[in-house]
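Q: Sequence:
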Amino acid sequence: MKSHYDVVILGAGHNGLVAASYLGRAGLSVLLLEKNNYIGGATTSQKVFPDYDAHLSRYSYLVSLFPEKIIRDLGLNLELRRRATASFTPYLNHGKDDGLLLSNVDEEVSRQSMFELTGNHTEFERMKAFYNLSRVFAERVWDTMLEPLIAKDEFRRRFDVDDVSREAWRSLAEEPLGTAIERYLQNDLMRGLAFTDAKIGVLTHAHDPSLVQNRCFIYHLIGNKTGEWKVPVGGMGAVASQLEQAARKGGAEIITRVDLRALGLSGKQQTVEFYMNGERQTVGGRFLLVNFGRNVLAKYVGKLYQPDATDEGSVFKINMLLRQLPKLKAKRYPSGEAWRGTFHSDEGYEQMNLSYDQACGGRLPDKTPCEVYCHTLTDDSILAPELRDKGFHTMTLFGLDAPWSLFARDNKTMRKLAEKKFIESINQWLDEPLEDCLAVARDGSLCIESKSPVDIEDALGMYHGNIFQDAPTWPFAERRELAGRWGVETEYENVFLCGSSALRGGAVSGIPGHNAAMKVLELIRKTPNAQQATSNAEVRT
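Under numbering that gives the first Met the number 0, the residue at position 362 of the sequence shown is numbered 361, and the numbers go up by one with no gaps.
If you are wondering where the hints come from, they were derived from the structure by calculation, not from laboratory data. There may be inaccurate statements among the hints.
Said to hold, decoys possible - Label-pair ranges, simulated between beta-carbon atoms: (1) Gln357 - Glu107: 34 to 40 Å; (2) Gly443 - Gln111: 42 to 48 Å; (3) Asp162 - Lys46: 51 to 57 Å; (4) Gln244 - Gln357: 42 to 48 Å; (5) Arg279 - Thr143: 42 to 48 Å; (6) Glu138 - Arg80: 23 to 29 Å; (7) Arg80 - Asp457: 28 to 34 Å; (8) Gln357 - Ala297: 29 to 35 Å; (9) Glu492 - Lys415: 43 to 49 Å; (10) Tyr491 - Glu106: 50 to 56 Å; (11) Asp159 - Gln244: 41 to 47 Å; (12) Gln244 - Gln323: 32 to 38 Å; (13) Arg260 - Lys46: 29 to 35 Å.
Unchecked claim - Straight-line Cα separation of at most 25 Å, DMTMM-like style, residue types lysine to aspartate or glutamate; simulated pairs: (14) Lys366 - Asp187; (15) Lys420 - Glu349; (16) Lys224 - Asp196; (17) Lys1 - Glu492; (18) Lys302 - Glu490; (19) Lys151 - Glu490; (20) Lys95 - Asp365; (21) Lys389 - Asp50; (22) Lys419 - Asp365; (23) Lys224 - Glu122; (24) Lys267 - Glu492.
Everything numeric in this text was worked out from a predicted model, so none of it was measured. Glycine included, each C-beta is placed from N, C-alpha and C at the ideal position.
Kindly produce the complete structure, drawing on both the sequences and the hints.
A: Shown next as structure tokens:
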């Protein structure tokens, strides 16, 4: 390790790796420091249940926002596989169990399934018209995510071309999302299904005046102009592994098990003080990229972090290993077809209005909205061959309306209660309890692991367990002085955010990592002396 680098990056999550790859390929010396003993941060895959050779993506699971441009630029060998089923939502109809299945590959299946729910074909056409708004929005916004920020007024003018575009802007960027949902959709289950993408990870409601629900919805629906969430073959670990290879190939040095102690952010050189193998180290860099939240940065510079009320995280994560797929009460569709997509439970529109009110009132909702995803029905490569042969599967549950504040006082007790309630939510639709389908460890315990927002904050530093680091931001510059910037700037010279807390950060996207790298390269082009190589710098022994 040298004493000085062109760029020092703190945090080897996927965004830090993206930034390191671009900067290393540009000929800069790059040092990447990671506190954990593994690479990938929230995108890592781990052997969550030690008795079984199954590698689960512990904190994240699907990919939509990762731009194809980054994959091409860095030469990543990634396969993102389409799920045949988009979603399955069980429901009761006159006391009879049934389900709404929306297909990614056969529109007629979706149309007929919705007819069985509503008794008409009108709602299906309304749904298509509603989602056309996000498609139009994505067409105009996606390519700008890897460019400097555009002022809001200029951005809005891009939509002033026809009635549908103007409607997309009004519905998604100006009025609360609930207004458009209620204008387009009549069925409560369909309204709820549309609104879930606005609630994943944040505590919000349909008519929230902050419009955080709109921002969250946009993030879930614009990826690569389609918004389709795909399965990374090999799990999220495959994404992290490919990015690590790209970073190392570009010349980046990566050091794990780093105990960061202090940052020196004054002057022309940024310094990082840390312990490695019990020894104190100090390294300097012309540029410092921070792949953690503003809350963590504030701690290391000794400043008070002042979050917004919308920054609180609200997600409960459950990882499971199954011996067999659970059988459904609804027999219209095969279990494998239903579990292949996103399985929704207790996510009716009015039900989520109630669960939001109860969560804000300081208690877990009576009915806990959640959604479940089975990776191995689309890609079973994360399982050892013997587990595949025996019919094992992984399952991931994301619970909504589970804010950090509910767990802050007694995380252990509340985590256990929340796990029980979310499993009960799924069990109401099953012919057999989910617990009976779980794999069993050698000590007799069930293969189930739960993570509350408190656990997520402790493990990843995400403020109050917010999976976006803080509230999702608009894809444009809200303030005119931000226009033309990359959205990664901080108040410190040559210190940039390269993770989810940057503007246009959040989710598994690589976008802030790319944008931070572009900011550095932009400055280097303006000040050529900054790109002097550091190969002659003093080498530490």
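Q: None of the hints should be skipped; say for each whether it holds.
A: Results for each hint:
no.: 1; hint: Gln357 - Glu107: 34 to 40 Å; in the structure: 39 Å, holds
no.: 2; hint: Gly443 - Gln111: 42 to 48 Å; in the structure: 45 Å, holds
no.: 3; hint: Asp162 - Lys46: 51 to 57 Å; in the structure: 53 Å, holds
no.: 4; hint: Gln244 - Gln357: 42 to 48 Å; in the structure: 46 Å, holds
no.: 5; hint: Arg279 - Thr143: 42 to 48 Å; in the structure: 44 Å, holds
no.: 6; hint: Glu138 - Arg80: 23 to 29 Å; in the structure: 24 Å, holds
no.: 7; hint: Arg80 - Asp457: 28 to 34 Å; in the structure: 32 Å, holds
no.: 8; hint: Gln357 - Ala297: 29 to 35 Å; in the structure: 32 Å, holds
no.: 9; hint: Glu492 - Lys415: 43 to 49 Å; in the structure: 47 Å, holds
no.: 10; hint: Tyr491 - Glu106: 50 to 56 Å; in the structure: 51 Å, holds
no.: 11; hint: Asp159 - Gln244: 41 to 47 Å; in the structure: 44 Å, holds
no.: 12; hint: Gln244 - Gln323: 32 to 38 Å; in the structure: 36 Å, holds
no.: 13; hint: Arg260 - Lys46: 29 to 35 Å; in the structure: 31 Å, holds
no.: 14; hint: Lys366 - Asp187; in the structure: 16 Å, holds
no.: 15; hint: Lys420 - Glu349; in the structure: 19 Å, holds
no.: 16; hint: Lys224 - Asp196; in the structure: 16 Å, holds
no.: 17; hint: Lys1 - Glu492; in the structure: 22 Å, holds
no.: 18; hint: Lys302 - Glu490; in the structure: 12 Å, holds
no.: 19; hint: Lys151 - Glu490; in the structure: 22 Å, holds
no.: 20; hint: Lys95 - Asp365; in the structure: 22 Å, holds
no.: 21; hint: Lys389 - Asp50; in the structure: 15 Å, holds
no.: 22; hint: Lys419 - Asp365; in the structure: 12 Å, holds
no.: 23; hint: Lys224 - Glu122; in the structure: 24 Å, holds
no.: 24; hint: Lys267 - Glu492; in the structure: 8 Å, holds
Of the hints listed earlier, there is not a single one the structure fails to meet.
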